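Number of protein chains: 2
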Amino acid sequence: MESDAGFIAAVEEAKQGAAEGGVPIGACLVSKDGKILGRGHNMRVQKGSPVLHAEMSALENSGRLPASAYEGATMYTTLSPCDMCTGACILYKVKRVVVGENKSFMGGEDYLKSRGKEVVVLDNAECKQLMEKFMKEKPELWNEDISV
Amino acid sequence: MESDAGFIAAVEEAKQGAAEGGVPIGACLVSKDGKILGRGHNMRVQKGSPVLHAEMSALENSGRLPASAYEGATMYTTLSPCDMCTGACILYKVKRVVVGENKSFMGGEDYLKSRGKEVVVLDNAECKQLMEKFMKEKPELWNEDISV
Numbered sequence: 001m002e003s004d005a006g007f008i009a010a011v012e013e014a015k016q017g018a019a020e021g022g023v024p025i026g027a028c029l030v031s032k033d034g035k036i037l038g039r040g041h042n043m044r045v046q047k048g049s050p051v052l053h054a055e056m057s058a059l060e061n062s063g064r065l066p067a068s069a070y071e072g073a074t075m076y077t078t079l080s081p082c083d084m085c086t087g088a089c090i091l092y093k094v095k096r097v098v099v100g101e102n103k104s105f106m107g108g109e110d111y112l113k114s115r116g117k118e119v120v121v122l123d124n125a126e127c128k129q130l131m132e133k134f135m136k137e138k139p140e141l142w143n144e145d146i147s148v
Numbered sequence: 001m002e003s004d005a006g007f008i009a010a011v012e013e014a015k016q017g018a019a020e021g022g023v024p025i026g027a028c029l030v031s032k033d034g035k036i037l038g039r040g041h042n043m044r045v046q047k048g049s050p051v052l053h054a055e056m057s058a059l060e061n062s063g064r065l066p067a068s069a070y071e072g073a074t075m076y077t078t079l080s081p082c083d084m085c086t087g088a089c090i091l092y093k094v095k096r097v098v099v100g101e102n103k104s105f106m107g108g109e110d111y112l113k114s115r116g117k118e119v120v121v122l123d124n125a126e127c128k129q130l131m132e133k134f135m136k137e138k139p140e141l142w143n144e145d146i147s148v
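Chains as they are written, first to last, in the UniProt record's numbering: chain A, 1 to 148; chain B, 1 to 148.
Read the hints as simulated data drawn from the structure, not as lab findings.
Identical copies go unnamed one by one, so any copy, or any two together, can satisfy a pair.
The calculated lysine-lysine pairs, modelled on BS3-like cross-linking and capped at a C-alpha distance of 25 Å, are:
id, residue 1, residue 2
1, Lys138, Lys93
2, Lys103, Lys113
3, Lys113, Lys93
4, Lys35, Lys15
5, Lys93, Lys35
Small disclaimer: the values here were computed from a predicted structure and weren't measured.
Start from the sequences and build out the full structure, keeping to the hints where you can.
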């Protein structure tokens, strides 16, 4: 699973976010036939955006698509999705959500399952390290992003 | 209720969206002390955006805010919020969601209530007319936006 191109892209996005001084969370939306539809990272710092969490950026960068494009798709994300990103995955009917880790933050995984989504948690060390460093160095930014 | 500045702004945004050839749904986020934090409308057509539904545009146009700014806030929206916008209201802990109408589309109202939000439905004729005209004239655009 962790060798999936979608997950690799999500981690690359998270690292890019960290390099830009932003929230180090990345995501990648992959179609059922394995094509990357869009990838992105959290843009709170870079664009002053409260809505462009990683998963939202991946959706935004996928552009306008018909519902059929999302059928059977997988959303890869380096961190357990918040309520907003959970809702976005439900709206667009992605089939599966692959989560890098949920130790730093536990999002809407149970709700995703209750709405029929498959949720896979990788417990990936690199994803955890990115978040641990970030939460230690910039707790105020993390609290702002997750609205604590 | 319908004379609230927030609701008036949401309807103005919906009309602006219609005038631009877009999805005619508007929203406005108002703080607990009655200040408009941000307002916006669906930008699928105008920006090719799958994430900027009306409520998301209102949040985006509010900019980066601390969690305290959303405390006791109300999200006014001309149409019942989809799963994504429902999740965004939960993430940012708005207190109340005022819905113009839910006849054209019923969104996550029950889930909002289950998460402790107050939901007020106005059953507003103008909101319904905007959506009825749009759904009749551009059903393919509406289906795309709501991922049917």
